[in-house]
Amino acid sequence: MYHIISIKDFEREDIDNLLARAEEIDTQGVYERSLEGKLVALLFFEPSTRTRMSFASALARLGGASICVDSVEGSSIIKGETLADTVRVVSGYVDAIVLRHPREGAARLASEFATVPVINAGDGAGQHPSQTLLDLYTIRQSMPLDAIDVGLLGDLRYGRTAHSLAYALSHYDVTLHTIAPSGLELPEHLLGELKERGMEVIAYEDVSDILPSLDVLYVTRMQRERFPDSASFLNVAQSYRITPEILTGVKNSLIILHPLPRAGEIDPRVDDLPYARYFEQAKNGVPVRMAMLQEVMGQ
Amino acid sequence: MKQTPPGLLVSPIRDGTVIDHITAGEALNVLRILGITGTTEECLSIATNVASKHMGKKDIVKIEKRELVKEEVNRIALIAPRATINIIRNYLVTEKKGVEISGILRGVVRCPNPGCISNTSEPIESSFEVTAAGLHCLYCDTVITKDITSHII
Ligand SMILES: [Zn+2]
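Going line by line, the protein sequences match chains A and B.
According to the working numbering, the stretch in the first sequence is residues 1 to 299, in order.
According to the working numbering, the stretch in the second sequence is residues 1 to 153, in order.
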């Protein structure tokens with residue numbers, strides 16, 4: 001794959017290959033220094049310190065070097081010229097571009113004008129394929145992506161990580177259980193798309209209805225601004241909060257994921273339970289991004 | 001009810017295009033899509049809510065001295081998926097074009113998502129893939145499912 005823009009561009013085979021490569025990197029330390037001499041621009045037009053550090057770390061571990069443009073410099077570029085011009089110019093300086101941009105579709109546009117590979121590191125409310133790939137990688141570490149029950153919990157209407165993950169999981173034999181407050185369910189068009197792709201999707205309002213059957217519980221952020229007032233937000237947030245108490249009776253093999261940072265969706269007391277995998281998940285960002293950089297730079 | 005022959009409503013043209021089987025009520029939108037407004041020169045005949053055996057009611061538009069090209073025909077497909085297009089030369093139908101809902105529409109529809117990169121000063125045209133669910137923005141993944149006419153540029 002030359003560019004990595006959207007998880008929708010991936011066939012199942014592409015995902016499997018990439019995850020297998022990440023695993024080789026992770027467990028056998030292969031590809032060390034394989035991008036020696038390669039230079040990559042990390043163009044960040046909006047702040048995302050973790051994603052940037054994770055890509056920088058991935059690149060350094062492969063022996064490559066990065067030029068960072070942070071959000072402050074990035075925003076002054078935005079004022080001056082089009083993104084199309086920026087990526088055309090930057091293409092002349094580096095071997096690949098990792099782009100973070102506030103506008104949806106920015107990475108697709110960049111790939112049309114760049115003369116080097118582009119990796120999408122998040123474009124507005126749009127795609128963020130490295131997040132989805134590391135989510136899949138973390139699930140795959142614990143169980144095969146086959147005949148499993150995955151619960152998505154939280155704001156499923158606006159949460160892009162949940163959308164991309166749901167789409168990616170539809171390549172596999174996965175039953176999807178969506179747990180969201182009314183008004184924040186999966187968008188209709190996505191639901192239609194998933195069903196068309198043969199995925200079974202079952203909706204719940206109450207998490208305890210399905211928790212005992214789940215193999216994976218993926219928790220996403222719930223944002224205050226989606227609710228009319230603080231009281232109704234706190235009320236909903238409280239009833240969707242994952243606590244050790246609510247987890248009694250779950251499968252021993254359950255894993256709990258969260259894209260982080262969290263804001264109260266998961267009680268810190270859950271961190272010590274065997275189900276918690278979100279810190280592992282964040283750490284997995286490095287081998288997965290190493291595999292992505294490896295993939296686009298044709299090694 | 002007996003069907004009224006369209007010929008009685010709209011007289012034949014010598015050279016130009018006849019767009020038949022337009023979804024009833026969409027004739028004026030068809031003209032809008034084609035960029036035909038009150039200030040253009042084309043000689044037009046429009047019939048709306050004509051009784052149709054297959055469609056119940058339909059609209060018909062005849063445009064003299066203008067032959068529609070494929071791209072224009074495909075824009076019409078967005079709002080009148082059953083339309084048929086006859087190119088007329090010297091009173092005879094020389095070519096029939098069915099509208100085709102397929103492929104990619106560039107620069108035809110504006111993305112309704114204000115956060116979409118195609119709604120900025122970038123040097124690109126909006127790009128939509130025509131799917132069964134509606135029009136899918138190739139930049140931001142927004143899907144337009146209804147009221148497509150209001151998004152036409
Ligand atoms: Zn768009």
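Among the clues, some could well be false.
[Claimed, not checked] 27 Å max Cα-Cα, derived DSS-like pairs, lysine-lysine:
1) B/Lys97 - A/Lys195
2) A/Lys195 - A/Lys38
3) B/Lys97 - B/Lys53
4) A/Lys251 - A/Lys283
5) B/Lys146 - A/Lys8
Just so you know, the hints here were simulated from the structure itself, not pulled from any lab data.
Fair warning: this is a prediction, and the values are worked out from it, not measured in the lab.
- Hint check, failures only: Violated hints: 1, 2; rest satisfied.
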